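Fit chain R to the known structure of chain D by using the hints.
Note that the protein sequences, when read in sequence, are chains D and R.
Residue 780 is where the first sequence starts when you use this note's numbering, and the numbers rise one by one after that.
Residue 780 is where the second sequence starts when you use this note's numbering, and the numbers rise one by one after that.
Incorrect hints may appear among the rest.
Which copy is meant is left open, because identical chains are indistinguishable; a pair holds if it fits in one copy or across any two.
What the hints assert, rightly or not - Only pairs whose alpha carbons sit at most 16 Å apart, straight line, appear in this in silico EDC-like list of lysine to aspartate or glutamate:
#1 Lys-908 <-> Glu-1062
#2 Lys-908 <-> Asp-1000
#3 Lys-1020 <-> Glu-1044
#4 Lys-1025 <-> Glu-985
#5 Lys-1025 <-> Glu-1042
These aren't lab readings, by the way, just hints derived from the structure by calculation.
Predicted, not measured: the structure shown is a model, and the values here were computed from it.
Protein chains: 2
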Amino acid sequence: MLIKQLAIIGVGLIGGSLARILRKMDACGEIVGCGRNLDNLEKAIELGVIDHYETDIKKAVAQADMVIVAVPLGAMANVFATMQDALLPDAIITDVGSAKGCVLEDAQKNLGTHYSRFVAGHPIAGTEKSGVTASFAELFTHRRVILTPTAETDKQAHEKVTQMWQLAGAEVVDMVVEHHDEVLAATSHLPHVLAYSLVHTLAEMEDRIEIFRYAAGGFRDFTRIASSDPKMWHDICLANKEAVLKILAQFNQDLAQLGQAIEQENSHEIMNIFNRAKTSRDEFNG
Amino acid sequence: MLIKQLAIIGVGLIGGSLARILRKMDACGEIVGCGRNLDNLEKAIELGVIDHYETDIKKAVAQADMVIVAVPLGAMANVFATMQDALLPDAIITDVGSAKGCVLEDAQKNLGTHYSRFVAGHPIAGTEKSGVTASFAELFTHRRVILTPTAETDKQAHEKVTQMWQLAGAEVVDMVVEHHDEVLAATSHLPHVLAYSLVHTLAEMEDRIEIFRYAAGGFRDFTRIASSDPKMWHDICLANKEAVLKILAQFNQDLAQLGQAIEQENSHEIMNIFNRAKTSRDEFNG
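Chain D on its own, in the form it takes in the complex (with noise of 0.2 Å):
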């Protein structure tokens, strides 16, 4: 068996997910949740994600030879902070964040010497819907995880958490930390980003009822994204601070010659922008 007990602090869909598959796949004995809400907890056992919880993350840690973090990513420092005197010797660490330079840091400032076995990773999945009666064992099928070791993780650490996310379904990718924060700057915090923006400008808008009412499917795909958890996106924002602005001046320039071109009706302007869009949407999406 990969892991005899696997600590999971966070069960919402993510963590939910992961010890769902993790059991289903007979990969670990006994899995115990943490969390500060406790009909979520209780939900959790009830839906047999969890073997049992604590809500002290000292004692829910105590016995684990695997401790998946997945909370929010300002909640990140203190978690780290408050197991670090309960893990035992050789336990592994790893979290599921969506930016990671920012919990390198604070695993390095909070984890001690346990730092070394502190596997930092990032599945790409995830819906719009949160909690744990969200999770399902089938989301990482085919899903890409990232890890972002360092020199100085452990190799055995690595290599069982590649082995973990394995057996969850996942395709495991390694990647240097500052690019992984790039590339999800760009396809996934960026879209966040604009995506809450425009709901919020059509909602202070006089007649929003009205043009809620005449939204169509581009707009509830466009939007679904809008529909996160903000606690969650507000961390990602601010963890991945300078790759995020980034990402979005070069953005702000590029629409606002779009703009300029459709204020000046410069039609090869525009096509080629929109025929530029597309075909790279078509080319990587099927």
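Just chain R now, with coordinates in the frame of chain D:
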């Protein structure tokens, strides 16, 4: 039978789907298709969407009591001008364009005495796909169709077009033309501009292949509309230029404010915007 002979100018996703459902509902006798792409017209015959086709607009409309103009907005004026002399004296003409002010102007200038029987319409339905092969009879089921009749619009023509769309399964709503163009700029035209612009920005980045490789479900949903027909959306941006630029300016202002909040790590402001957006999105979309 509501319609004796239906002429569809532009047998694509919208025109094809309308032909399919009206045939299915036994609402019309013969269906004549018209367009410039012979392969598409042959395909339309093969699929049973139309009975026969003409490449000459005059011939296509010569016996039609109902004419649907389903061509890109930039082609409307020419299509109206070409059909004017060939139309039956009591023929009803309608369109399916995504902006309505410009179409009414084109119709008034180019339909002569037939203008009073022109009923401007816009089905709020569609997918990112185009062409007759993408058409299906259920496209309009429970969707809204906005009509923008004017003081000059013939009451019987208005009534017949309303009936036609109701038979197609849609809910028909009348709206003042300027209001339609503002509402659609906000909920449809701006989102398309943003999606095209974002995908274009990423496509111009050095590591574009890597970037698109790590794009997950949220990105795919967010950018689906960037796979829409570039020519059609080019035409929409120009046809509804004023309303599009107005809402784009508002969006830019709000996005700059959000960017500044991220820059200054103003959690209160970020959470306000994200929460407001999520609440609105969840409210109107269940």
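Against the structure, the hints come out as follows:
1. Lys-908 <-> Glu-1062: between (28 Å within a copy, 15 Å between copies)
2. Lys-908 <-> Asp-1000: Result: close both inside a copy and across copies, 14 Å intra and 14 Å inter.
3. Lys-1020 <-> Glu-1044: Between copies, since 9 Å is at most 16 Å while 35 Å is not.
4. Lys-1025 <-> Glu-985: Answer is between: at 14 Å across copies they meet the 16 Å cutoff, but 32 Å inside does not.
5. Lys-1025 <-> Glu-1042: Answer is between; shortest inter-copy Cα gap is 11 Å, intra-copy 26 Å.
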